[in-house]
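Visitor: One letter stands for each residue in the lines below.
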Amino acid sequence: MGKLLYFIRQALLNISQNKLIHLISLGTISIAILILGVFLLLLVNVEGWIKNWGGSITMSVYLEDNLPKRQIAVIRQALSSREGVEIQRFISKEEALIELKSALGPQSELVEGLTRNPLPASFEIAIREPKTDPASIKRELEGIPGVVEVQYSEAWIKRFRGVMRLVRVGGMMLGGLLCLGVLFIVTNTIKLTIYSRKEEIEIMKLVGATDWFVKIPFLIEGFIQGATGGLLALVSLFVFYLIMASNKGIFLSFTLLEVVFVPHFYMTAIVGLSSFLGFLGSLMAVGRFFEV
Amino acid sequence: MGKLLYFIRQALLNISQNKLIHLISLGTISIAILILGVFLLLLVNVEGWIKNWGGSITMSVYLEDNLPKRQIAVIRQALSSREGVEIQRFISKEEALIELKSALGPQSELVEGLTRNPLPASFEIAIREPKTDPASIKRELEGIPGVVEVQYSEAWIKRFRGVMRLVRVGGMMLGGLLCLGVLFIVTNTIKLTIYSRKEEIEIMKLVGATDWFVKIPFLIEGFIQGATGGLLALVSLFVFYLIMASNKGIFLSFTLLEVVFVPHFYMTAIVGLSSFLGFLGSLMAVGRFFEV
Amino acid sequence: MIQLFHVYKSFGGTPALRDVSFRVRKGEFVFVTGPSGAGKTTLLRIMFGAEKASSGHILINGINLGRIRRKQIALLRRRIGFVFQDFKLLNNKTIFQNVALALEVTGANPSYVRKKTRQALRSLGLIKKEEAYPLQLSGGEQQRVAIARAIVKNPLILLADEPTGNLDPDLTREIMVLFRTIHMKGTTVVVATHNRELLKGTAIRKIYLEKGRVIKED
Amino acid sequence: MIQLFHVYKSFGGTPALRDVSFRVRKGEFVFVTGPSGAGKTTLLRIMFGAEKASSGHILINGINLGRIRRKQIALLRRRIGFVFQDFKLLNNKTIFQNVALALEVTGANPSYVRKKTRQALRSLGLIKKEEAYPLQLSGGEQQRVAIARAIVKNPLILLADEPTGNLDPDLTREIMVLFRTIHMKGTTVVVATHNRELLKGTAIRKIYLEKGRVIKED
Ligand SMILES: Nc1ncnc2c1ncn2[C@@H]1O[C@H](COP(=O)(O)OP(=O)(O)OP(=O)(O)O)[C@@H](O)[C@H]1O
Ligand SMILES: Nc1ncnc2c1ncn2[C@@H]1O[C@H](COP(=O)(O)OP(=O)(O)OP(=O)(O)O)[C@@H](O)[C@H]1O
Ligand SMILES: [Mg+2]
Ligand SMILES: [Mg+2]
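Residue numbers (the working numbering), protein chains in the order written: chain A, 284 to 575; chain B, 284 to 575; chain C, 337 to 554; chain D, 337 to 554.
Hints are computed from structural coordinates only; laboratory data are not their basis.
Certain hints may be false.
Result set (DSS-like, lysine-lysine): computed pairs, CA atoms no more than 25 Å apart in a straight line [said to hold, decoys possible]: (1) A:302 - B:421; (2) D:424 - D:388; (3) B:302 - D:424.
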């Protein structure tokens, strides 16, 4: 215990006695980790946006003709009481016809010749439950009395799932590569800070220090550097997030998207990874100089 | 001239005499540049895909009723001879009705009561000229005899332009940040390799070397390191590209997209940037030790 | 006790020691002398386990250095004080920290380390410089720090390689008195030097090296 | 010609030189001596422009070191040979490269550099070691490399700081002969040392320093 304290003191002393080098390497480490962090932040947000945008399937719930107002209210009640369903609007038979006309555009002649309105009234609802199978929701809603049919676009869902998969798989692959790169940069940087102290290691061994006596302060140093770098990166990432969140109007012009920060788990992971890499880098670098 | 040769020889000698440190820093530099390269590669491709996917506006060219086959052939000729236009298919009046029916789904009753087919025949064409204003193309094509009207979706074009702008602005911002990060990492790494040689600089000054005599080999060293790192990164990027291109089926499942490599300009820029950063890093690092 | 049996050492072909055999008894005081490049430093470094002999055996207190494990070398070095010809001080640590290090590696407790370190620095006239860094010292001061670090742990064996090369005659005499005192307390002392003043007129045993061979003893 | 007028030097409060004034004529040979920490190294480094005087003036061949620009210092140093007490060799360059460096900085052409470097190494008995690195040499060999580097450029002034601390008496005599030869050819030589053997019985001028003051000259 007293020994650990000695080693920590020693590590802090070393850092303060090699300030310049440590500052430089700290800079490198935090920037590298920050790059990883920005990537994670974007991934988390893009996933969120896509989920939000494509994950809310729109369904049309067609009603029987000539339902009394009271029963329509009952159906509305039934729909909105179901979790995950959000009623967007009610389209009466008349509105349906008007909409169809405008949608058909120059082909709207088609509708002119009609004697009676063949279109059903409907509720347009959004389902915010991307995990449940839409087919089962459809079946469930079709069980409500007064509902004739529920429609949604299979093609859309497929495409959405494809995009999600692309973002996930691509994100994971890129993230993995980026992780490897950052791992490499951080450990290399730590190595460089240690290689310049080759002589120090040699001298310590010459005065009778065991391998571990020499190594431990270096490992603690690496760990401290990594941890500090990780924390710095996290703080910078938060600043980046704030800037992004307050300026989203500028570059996310066409939709009002929410910007969220990376979840706690990632925050811990970033600092943890950074500390671990610092430690690992020291371990690898120090190992080289033990042939004295 | 002979002097420059001397300095280059000196720089190469220094590199070979500090092999380990130079290898480590070379690794860091190429990885950092590679990260930037992968980002550029993705940006170039994503931009390409989006352009490809949204850039080809689909237009419907509606024809007058009861045109003789011969005149339809003339119109087809006129359309396909125009550059940037690609005829995707011809939809006859009958086909149009069938399609409408299936599109209307449960509302297809609507069509049942018709006595005559009110739908016009049409060509569906794709315009692969995202820069020209679609409205002027519309006007131009409406001038062809036998064409009644040309339709396209304004909303779609707006949305597409929004996505393009998002990707461009976002890409530039991220790329800029990434560039800054890489700049920082590369110069810092070079600094670390030089700081461990503080003594060397001091001694050279003590034997009567002028500032520039000491500096130049370091600057050349930094430049060589940067250039080598940049080239290595480019080669790795190409490998990455080949892997991506040959496995695109796996993660780009839902469309068959072409993967292209970064254009020549970017390739030059990558190596140039890297070399410049190596040079700059040396310059900044060496400057510090001239108070002897 | 130090025993060498037919020790050879060559660095990539060029021999630095050839068939060196001798024995230093426990508590003995020995000089090793010879011209520049004779192999004095190499000999001392081999006795310290800092260099491996190409062939032959070295026994320190009965321990064969050729068969020793790394961890044991560290333990052995804690009982051997070594004054390096090139000092080998840590430039980014203060004088105090440099000397204290030799005790800290043994796991001694901080207050003991502090007391002993101060005492060693005082005996070498360096107490005023304890907070200075090696590069802020004169050559002779640095050499004395190296000596302080070697003696601070009360070593069983003291190996001193040219310990007075940067010292003036008065200090040289003082250092010799110090070594004698340490020797009196039972430490085995081996000093490599070409300082004639150190050697002359003493009854102390001298080993003469030349081109890696022992050419004379008296 | 070297002139010092009331030179003071202190390092953060502690004085290393106090009111030092003297004059070394062109082509003179001077010893600077005094106990460890007296200020010999500091004095030589000040004459070399490696350290700035806290006050006072130093003139080298009429050039005031206090008013000189950086570029000029480099030019001056090319004409001054300096043997550093701690050698200051580049450990990652060979002996040959270390010595050649002193000529290369002057922009001399490669074949001249090669010839002169070999010659200097030969005169110090180091030609066999030219491809070795400093850490592969004995202390005395390293010191001779430092001397070779100082004399290779035929300096106008040679400043040698304890140049024989790691050399045996025979080599010490050889080096002194070498310095005398260089001196004969017109070089001004200043040697800082506490080696009594160097000093005794010569008619050469000696400056005695103690605690930063000139206490005696003879
Ligand atoms: N690491 C090494 N690699 C190659 N050669 C070496 C090495 N160490 C020493 N030598 C050579 O071995 C020989 C003996 O060196 P050593 O340092 O033992 O001499 P020394 O007696 O201590 O000399 P000095 O009095 O000059 O210090 C020298 O010729 C030296 O060049
Ligand atoms: N850079 C420095 N910072 C602080 N103090 C210094 C510095 N250089 C020298 N000193 C101090 O100045 C005094 C004179 O040092 P100097 O090296 O000139 O002595 P010296 O005469 O060469 O001694 P030696 O014979 O031991 O080499 C010493 O007390 C030393 O500690
Ligand atoms: Mg030696
Ligand atoms: Mg000195």
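Visitor: Any hints from earlier that this structure breaks? Give me their numbers in increasing order, please.
Guide: 1
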